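Chains G and P supply the protein sequences, listed in that same order. Heads up: the first sequence runs through residues 1 to 213, numbered per the numbering used here. Heads up: the second sequence runs through residues 1001 to 1255, numbered per the numbering used here.
Derived by calculation from the structure, the hints in this document are not laboratory data. The structure presented is a predicted model; accordingly, all values stated were derived computationally and were not measured. Here a beta-carbon is modelled for each residue, glycine too, at the ideal position from N, C-alpha and C. Some hints here could point you the wrong way.
What the hints assert, rightly or not - Estimated spans, in silico, between C-beta atoms of each pair:
#	chain 1	residue 1	chain 2	residue 2	range
1	G	S136	P	R1042	28 to 34 Å
2	P	P1110	G	R41	28 to 34 Å
3	G	E24	P	F1086	40 to 46 Å
4	P	D1153	G	R41	54 to 60 Å
5	P	P1110	G	N5	42 to 48 Å
6	G	Q40	P	G1015	29 to 35 Å
7	G	C34	P	K1108	53 to 59 Å
8	P	R1191	G	K184	49 to 55 Å
9	P	D1177	G	K184	23 to 29 Å
10	P	L1245	G	K184	48 to 54 Å
11	G	Q158	P	A1196	28 to 34 Å
Said to hold, decoys possible - Simulated crosslink set (DSS-like; lysine-lysine; CA at most 30 Å straight-line):
#	chain 1	residue 1	chain 2	residue 2
12	G	K54	G	K37
13	P	K1242	G	K54
14	P	K1108	G	K198
15	P	K1182	G	K59
16	G	K198	G	K184
17	G	K29	G	K70
18	P	K1242	P	K1182
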Amino acid sequence: MSFENIGILNYGAGNFGSVKRAVEALGCKPLEVCTAKDVQRVSRLIFPGVGSAKQAMMKLDELDLTSPLKDFALSGRPLLGICVGMQILGEWSEEGDVACLGLLPFRVTRFRCREPIPHMGWNAVDWNQSHPLFASASRGIGPDANFYFVHSYAAFSQAFEQSSFLLGTTSYGGDRFAGFVADKNIWGAQCHIEKSGKTGLQFLRNFLGGEEG
Amino acid sequence: MLKKRIIPCLDIRNGRVTKGVSFLNNIDVGDPVALAQAYSQRGADEIVIYDIDASAESRPPDFSTIERIAAQSFVPICIGGGIAGFSDAARCIASGAEKVSLNSIAPKKPELISEISSHFGVQAVVLSLDVRRDASCPSGYRLFVRGGRTSTDWDMMQWLDFAVPRGVGEVCVNSIDEDGMKNGYDLDLLRILKSAIHVPLIVSGGAGHVSHVIEAFDKGADAALVASIVHSGETTVENLKKACLAAGLPMRMDW
């Protein structure tokens, strides 16, 4: 179990502290990752995000972290993007009309439904049981379990060139979007798993490769 | 399906929870850290921490308490009271809160809304308002500040039209007329707000019975702030949610 050498990217995203506390609650001592050198040092990386996709991309560029992040993902080491951190794993976001990391083939657009925006609160995930990572990612998590979401933009199901990247989908006001994505070592959670109670901590534990708590 | 949220509100004074919280065995009910943890483990969908003296004493909220709560409670946390500027909000968020609630400060310093939301996102800003029925206002309600003690020149809807586009992620409304009356939420107020605003709506003040919460959710409230109804032991968050579920409302029952 690789509970060691876990990094959390700190590029000024508001939820860095919350993600750190959640990882610590699982008994890990995560490393704060701020530079390209730090990225190379860690064996697993969590990539938090709050705010807009454009701000996040600008910040990564400013800190010279864009290429190191891509290299990290391409090296096969496990990467988990959370919220905006997940959204910018894709190709493009409507939020600021910005090109993203392009690690997964999806595009992020604004909710079109007539419900209140942001989509804020606890919502369930329909897991894609044929996904190769379904069993390991959802271990210890019941089919009706809820996660905490807060966002105005999402990767909607129809925007996926290959639905095989969809690990779980969530619906809001008739819009269905990616709740979780995964392709081998690259994982993403649209919800704030660090604030989703014990269910969120279990997902985090599954990403880190630990046993069920 | 998105669930309706039940949000216990803890009032803090000198690092202790003030209102008579009496329901939890074996827990120091005055300790906000233990209490927040207990609520988060017993079904609370979020927790609001309100530092009741901070504004009056012109000091920021108690960051060390926020930090200790956030280390134990893995549900969203919102801080109210004492946020006078951007740096206070930033410290709340760095200490582990997701959101700050702006009340009296917002009409005085509306630019604070956009300062916080442009940096942390709109979801970090809850606009909290105390309103009272007033026939001389176009919407029928007037905005009050300072815990509902001081009236303003703002009509409620004109205030919301002005403030929400600056970057508000949620609106929390408290009816001064109904607060503490235990007669239920002001449903006219809820109807007016639901048709006019397009961000999630939290209702506060007036719940004396489970049926009042169900009624508010039925009329479109996205979340309900609860205090004495759960603190007093009259009911629990779990029982409140079970009753809402039985009434056909979508509730989170896994925790």
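Against the structure, the hints:
1. G:S136 <-> P:R1042: 28 to 34 Å: Taking Cβ atoms as reference, G:S136 and P:R1042 lie about 30 Å apart, which means the hint holds.
2. P:P1110 <-> G:R41: 28 to 34 Å: Between P:P1110 and G:R41, where Cβ atoms are some 45 Å apart, the hint is violated.
3. G:E24 <-> P:F1086: 40 to 46 Å: violated (28 Å)
4. P:D1153 <-> G:R41: 54 to 60 Å: Taking Cβ atoms as reference, P:D1153 and G:R41 lie about 58 Å apart, which means the hint holds.
5. P:P1110 <-> G:N5: 42 to 48 Å: holds (46 Å)
6. G:Q40 <-> P:G1015: 29 to 35 Å: violated (43 Å)
7. G:C34 <-> P:K1108: 53 to 59 Å: Cβ of G:C34 to Cβ of P:K1108: about 37 Å, so the range 53 to 59 Å is violated.
8. P:R1191 <-> G:K184: 49 to 55 Å: Holds, since P:R1191 and G:K184 (Cβ atoms, about 50 Å apart) stay within the stated range.
9. P:D1177 <-> G:K184: 23 to 29 Å: violated (58 Å)
10. P:L1245 <-> G:K184: 48 to 54 Å: violated (39 Å)
11. G:Q158 <-> P:A1196: 28 to 34 Å: holds (31 Å)
12. G:K54 <-> G:K37: holds (24 Å)
13. P:K1242 <-> G:K54: violated (41 Å)
14. P:K1108 <-> G:K198: With a Cα-Cα distance of about 40 Å, the restraint between P:K1108 and G:K198 is violated, given a limit of 30 Å.
15. P:K1182 <-> G:K59: violated (49 Å)
16. G:K198 <-> G:K184: holds (25 Å)
17. G:K29 <-> G:K70: The given pair, whose Cα atoms are some 24 Å apart, holds under the 30 Å limit.
18. P:K1242 <-> P:K1182: holds (20 Å)
Figure legend: structure checked against the earlier numbered hints; hints not met, in rising order: 2, 3, 6, 7, 9, 10, 13, 14, 15.
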